[in-house]
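*Asks:* Sequence:
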Amino acid sequence: MRELHVDTCARLSDVLPLGLEQRLALLADALKTFIAGPATAQLQAIEGAADSVARHAHADPASTRMLRVKMAVRLCRWLIAERPDSKDSSEGRASGFADLAQRYAREGAFVDWARFKLLGGDDLPGLSSAFVALREAARTKAEAFNQRFAQALQVWNREPRAEPACMPVEAIVERLLAPLAKQTPVLLLVADGLSYPIFRELFEGLEALGWDEQVTTSPTTLAVGIAALPTITEVSRSSLLSGRLVVGAAAQEKSAFATHPALVGASRAGTRPVVFHKGDLADAEGLSSTVRDAIASPQQQVVAVVYNAVDDHLSGSNQIRVRWTIDDLRLLGPLLSEARRARRVVVVTADHGHVIDDGTVQRGQGEGDRWRLPSGTPDAGELLFEGGRVKTPSGNAVLCIWSEGVRHGARKNGYHGGASAQEVVVPLSVFTPRNTVLKGWQVAAVPQPDWWAPLEAPLPAGGTETPALPKKPPKAKPLASPTPQIDLFGGTLPVAAPAPAVNWIDALQASPAYTAQKALAARVAPADAEVRSLLEALAARGGKLSKAALAQRLGMPAMRISGFVNAVKRVLNVDQAAVLVLDETAGTVELNRELLGRQFRVTGRRGAGCDEAQAP
1 MRELHVDTCA RLSDVLPLGL EQRLALLADA LKTFIAGPAT AQLQAIEGAA
51 DSVARHAHAD PASTRMLRVK MAVRLCRWLI AERPDSKDSS EGRASGFADL
101 AQRYAREGAF VDWARFKLLG GDDLPGLSSA FVALREAART KAEAFNQRFA
151 QALQVWNREP RAEPACMPVE AIVERLLAPL AKQTPVLLLV ADGLSYPIFR
201 ELFEGLEALG WDEQVTTSPT TLAVGIAALP TITEVSRSSL LSGRLVVGAA
251 AQEKSAFATH PALVGASRAG TRPVVFHKGD LADAEGLSST VRDAIASPQQ
301 QVVAVVYNAV DDHLSGSNQI RVRWTIDDLR LLGPLLSEAR RARRVVVVTA
351 DHGHVIDDGT VQRGQGEGDR WRLPSGTPDA GELLFEGGRV KTPSGNAVLC
401 IWSEGVRHGA RKNGYHGGAS AQEVVVPLSV FTPRNTVLKG WQVAAVPQPD
451 WWAPLEAPLP AGGTETPALP KKPPKAKPLA SPTPQIDLFG GTLPVAAPAP
501 AVNWIDALQA SPAYTAQKAL AARVAPADAE VRSLLEALAA RGGKLSKAAL
551 AQRLGMPAMR ISGFVNAVKR VLNVDQAAVL VLDETAGTVE LNRELLGRQF
601 RVTGRRGAGC DEAQAP
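Numbering of the sequence shown is given in the UniProt record's numbering, commencing with residue 1 and proceeding in unit increments.
Please note that the accuracy of each hint is not assured.
Here are the simulated BS3-like pairs of lysine-lysine, each with C-alpha atoms no more than 25 Å apart in a straight line [said to hold, decoys possible]:
no., residue 1, residue 2
1, LYS254, LYS182
2, LYS439, LYS518
3, LYS439, LYS182
4, LYS141, LYS32
What follows is a set of in silico ranges between Cβ atoms, one per label pair, in the way DEER data are often shown [to be verified]:
no., residue 1, residue 2, range
5, GLN252, GLU536, 53 to 59 Å
6, THR271, ALA522, 55 to 61 Å
7, ARG343, LYS278, 23 to 29 Å
8, ASN318, ALA144, 25 to 31 Å
9, ARG434, SER128, 40 to 46 Å
Bear in mind the hints are in silico, worked out from the structure with no lab data behind them. Beta carbons are placed, not taken as given, at the ideal position from N, Cα and C, and that holds for glycine.
Can you build the whole structure from these sequences, using the hints too?
*Replies:* Following this line, the structure appears as structure tokens:
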């Protein structure tokens with residue numbers, strides 16, 4: 001191609017390796033333009049460039065490179081959503097500490113998941129530098145949030161209180177675990193050092209393994225845990241397992257957990273709650289038989305396991321890229337498998353999270369990586385916490401770092417002890433084996449922010465209405481009396497009486513064909529209101545949504561989407577016509593409005609808007 005001087009056209013090929021490099025270079029350029037001045041037009045260019053990369057034959061969807069491309073696009077969507085002029089901006093919406101903690105779990109953790117996946121860059125220098133610039137743009141906003149979060153934590157710490165959606169770790173045993181144990185056997189999985197971003201990544205595939213994430217019916221908000229200060233194991237994990245603020249170690253944790261009054265009250269006679277630490281978990285065959293037997297025993301109502309893989313990684317080699325999947329973490333899969341076989345509810349939490357090392361600087365010395373005892377005035381990026389939930393061996397005052405760019409100790413993979421949202425906000429999620437019913441709980445909807453899913457089919461310039469369906473030409477009629485000519489200079493245009501507007505979904509559901517299809521589907525047919533919600537969600541995005549985005553818009557668990565869409569197909573797909581298409585490979589749901597109109601004789605009226613149609 002170079003000899004023919006057409007090598008610059010390689011990007012047009014879906015198979016030439018040079019074409020992939022050129023498409024990646026175009027994506028890098030689009031990212032740099034966007035970072036210089038985030039705007040919707042630039043975002044659309046990035047989406048198009050990323051789609052072009054993904055279509056190339058050598059772009060392995062499972063590769064680290066393509067994961068980074070996907071995460072980069074997600075960060076760009078977030079940066080657009082966070083612009084001050086955006087209606088989706090969260091600036092100013094969350095003010096109190098509980099609101100900020102929830103905001104981090106709902107959105108900030110996904111931002112961190114995306115930006116830290118860009119660490120390591122790319123083989124192409126141009127794309128690698130674009131990733132660095134994008135990370136820095138996201139980090140600037142994350143730092144501003146961490147400062148607000150730490151300041152709110154400082155105020156809240158003076159009078160901390162447990163709330164259903166924002167629970168101090170020392171309240172988890174009495175407020176959450178014991179009430180669940182009165183209903184059903186439970187396994188408390190305490191993943192030492194598990195940050196919220198890694199939690200979401202690690203448990204992303206749990207649904208496919210037969211688990212449902214649950215949320216209380218009132219309020220219907222996923223709960224988070226709040227680590228004690230400083231955010232270190234000796235304080236926060238011991239407080240969690242003891243049910244009160246303490247400084248301790250494994251021996252004290254075993255004793256306090258086994259004798260906790262609320263847990264003992266929920267246990268069966270003759271058995272006490274039991275907790276297994278790192279040294280108890282493995283034997284020559286993998287997960288130890290003692291742990292397996294405890295989880296399987298119907299007499300053992302409460303089992304706890306302390307899992308250290310994440311915390312151990314923070315001090316491990318920085319030359320290895322860890323994949324946070326259940327299959328890749330030793331013993332985690334067997335633990336969950338044993339719990340599912342025993343129909344045991346799993347509560348996943350952590351004693352504290354951590355910040356990842358991304359160009360941190362060492363400043364001074366401290367008692368820990370991210371905290372020190374008070375001495376003089378706080379440094380930049382540091383706050384003083386006193387009383388409340390502060391617990392150290394020498395008192396109840398501590399200086400904690402909130403900036404993720406500062407540490408006291410030697411360089412490692414990550415650090416904890418400070419007051420950033422990454423360290424303080426920990427998961428507190430309940431998972432049940434499929435089809436388990438818990439009183440006062442329901443299956444949670446997909447917990448992803450809107451910008452996590454792709455921008456679906458672009459909206460037409462004039463709004464969300466799809467083009468009107470073609471109509472048959474009317475039969476010729478005898479000429480009526482001459483129509484008065486319009487006065488081009490001073491007259492007015494005669495106004496015809498408008499045809500009555502009919503909501504197109506109303507017209508659909510009132511049609512004889514729809515009634516007949518519902519009768520054929522019988523008990524499989526969803527309620528009209530459910531069909532309406534699906535159609536409105538798809539129409540609002542140009543007719544196409546990813547399964548994840550559709551689940552979020554419907555407030556429906558992701559695992560129900562395929563079954564629900566297939567049930568709606570039984571009604572809408574007359575004679576198996578592709579009115580509603582579920583593509584499991586691509587993970588998308590698409591509505592063909594034109595075909596729907598022909599099948600049910602519901603015709604959109606041009607200019608009527610997306611909610612109007614001509615009645616059948």
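*Asks:* Against this structure, judge whether each hint is valid.
*Replies:* Now for the hints, and whether the structure bears them out:
1. LYS254 / LYS182: Holds: LYS254 and LYS182 sit about 21 Å apart, inside 25 Å.
2. LYS439 / LYS518: At roughly 33 Å apart (the allowed maximum being 25 Å), LYS518 and LYS439 break the hint.
3. LYS439 / LYS182: Answer holds: LYS439 to LYS182 is near 11 Å, not above 25 Å.
4. LYS141 / LYS32: Holds - the C-alpha atoms of LYS32 and LYS141 are around 18 Å apart, at most 25 Å.
5. GLN252 / GLU536: 53 to 59 Å: Holds: the Cβ-Cβ distance is about 55 Å, inside 53 to 59 Å.
6. THR271 / ALA522: 55 to 61 Å: 48 Å, violated
7. ARG343 / LYS278: 23 to 29 Å: The hinted range 23 to 29 Å holds for ARG343 and LYS278, with Cβ atoms some 26 Å apart.
8. ASN318 / ALA144: 25 to 31 Å: Given about 27 Å between the Cβ atoms, the range holds.
9. ARG434 / SER128: 40 to 46 Å: At 42 Å between Cβs, range holds.
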